[in-house]
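Visitor: Next come the chains, spelled out residue by residue.
2 protein chains.
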Amino acid sequence: MASTTEENYLKALYNLSNTQGEVNISELALSLKVSMPTANSMVKSLQKSDWVIYEKYKPVTLTPKGQKEAALIIRKHRLTEMFLVKKMGFGWEEVHEVAEQIEHIHAPKFFERMDEMLGYPTMDPHGSPIPDNQGRMKEFSYTPLSTCKPGQTVQLTALTNSSTEFLEFLNSRKLALGTELKVLSREVYDLSLVVSYANHPNETLSEKVSERLLVRILK
Amino acid sequence: MASTTEENYLKALYNLSNTQGEVNISELALSLKVSMPTANSMVKSLQKSDWVIYEKYKPVTLTPKGQKEAALIIRKHRLTEMFLVKKMGFGWEEVHEVAEQIEHIHAPKFFERMDEMLGYPTMDPHGSPIPDNQGRMKEFSYTPLSTCKPGQTVQLTALTNSSTEFLEFLNSRKLALGTELKVLSREVYDLSLVVSYANHPNETLSEKVSERLLVRILK
DNA sequence: ATAATAAGTTAGATCATTCTAACAAATTTG
DNA sequence: CAAATTTGTTAGAATGATCTAACTTATTAT
Ligand SMILES: [Mn+2]
Ligand SMILES: [Mn+2]
Ligand SMILES: [Mn+2]
Ligand SMILES: [Mn+2]
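For the record, the sequence lines run as chains X and L. The numbering of the first sequence is full-length UniProt numbering, which starts it at 1 and goes up by one. The numbering of the second sequence is full-length UniProt numbering, which starts it at 1 and goes up by one.
If chains are identical, the list can't say which one is meant, so a pair holds when it fits in one copy or spans any two.
Think about it this way: if two alpha-carbon atoms lie no more than 16 Å apart in a straight line, the pair counts; the simulated EDC-like pairs of lysine to aspartate or glutamate are:
| # | residue 1 | residue 2 |
| --- | --- | --- |
| 1 | Lys58 | Glu27 |
| 2 | Lys149 | Glu187 |
| 3 | Lys87 | Glu116 |
| 4 | Lys68 | Glu6 |
| 5 | Lys219 | Glu180 |
| 6 | Lys109 | Glu94 |
| 7 | Lys208 | Glu168 |
| 8 | Lys149 | Glu180 |
| 9 | Lys65 | Asp50 |
Derived from the structure by calculation, the hints contain no laboratory data. All of these numbers come straight from a predicted model, not from anything done at the bench.
Based on the sequences and whatever the hints tell you, model everything.
Guide: Listed below in structure tokens is the structure:
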């Protein structure tokens, strides 16, 4: 059974995997805030347990076993976040750190009950998909708001960043998942967007913000 | 901040403390299923952080700081058990192992919300008191059923053992906290008790069982 | 009060996880 | 392409948590 540390490595590898499923040691080390030798030695030990494929000086790849394990931890993380928001009254900006801990609890029934109580959700509070209990994750192709054109109407469906600071910024502007926005104009100089929604007829969103907002185009 | 391992030692020390607040190394080692040298070295390190008072060849004593820390972990454990039973549909025989893990989660709000949602309970599902958020625990003096006399009517209020096997035994006999029992007779040979309650007009309980059942005497 | 037994300690080792310093390979750049 | 830079590896050490074997102190029984 993977230790908490190993589970965090598997999750990082899953999230960092590119289209070829490859992750460089330096990215891994950066993402987990450990030194490169630490990441390097951990990767070697993950290989011994068949979680990853690895050759010296080559990028790391999760094995199917490693992918499934990672997806199931992410499942626990996202179910937990949803449970905290929907059943325990947490704000979406308060759940990540707790979920980071609870994802390591070994208690299948605990997460099955969350899933049932939530009515088998497919998304977490930040719009990220929840893998099923076999570790299969639906891929969604949402559009970053930053690429939308003036005149389009879109619905906010997910985020590419879920840091507390960003979520608190969205709270302050009353932007939530499901909010319908109309793109009014784009500023050529800094690529900021002017949008309108609900009681906000005229909000300016910087490029940094708009590229982190994923939307579904309504018209 | 105490590690998970340290927290488990503090909890064990709290639960093993005798009237003088003393615990022998051998008891501690037995209770945590570690070797005596392991317990010995851990006690030395707990002392360095001021959780315990310890001198070579003397029993260990928790400091006030250590007592409070232990009680607050026990609080998290018992709130969790109550939450699992009352809010998530777990049986009282299924919660201990999960709580053993969740008690180590660092997230004050998570436990505060449990407490609120449960209406500030004072007992866990096995009748043990839940320490308050300052780490103060109410002491209760319940009577073991084994010391009750024929003719007495009592109410089951707590257990001195909460192992899954014992709880499943109680389930099989439909014995739950709150059940009112009448003591019919005591067998002198093996000290078993014959009792009646609800739809069970004639149940025999061994001494091993009756000494683990704590009751409040009704008349 | 010895001798036997139980309890407790020390020494030395292992395993997991992490680090820094030094070195080597691979990639990028002029 | 050769030099500079970045990326990755090895070596060696530290810390926390655990163990067994050997020894010491304390308690119990004769
Ligand atoms: Mn998260
Ligand atoms: Mn985590
Ligand atoms: Mn318990
Ligand atoms: Mn525990």
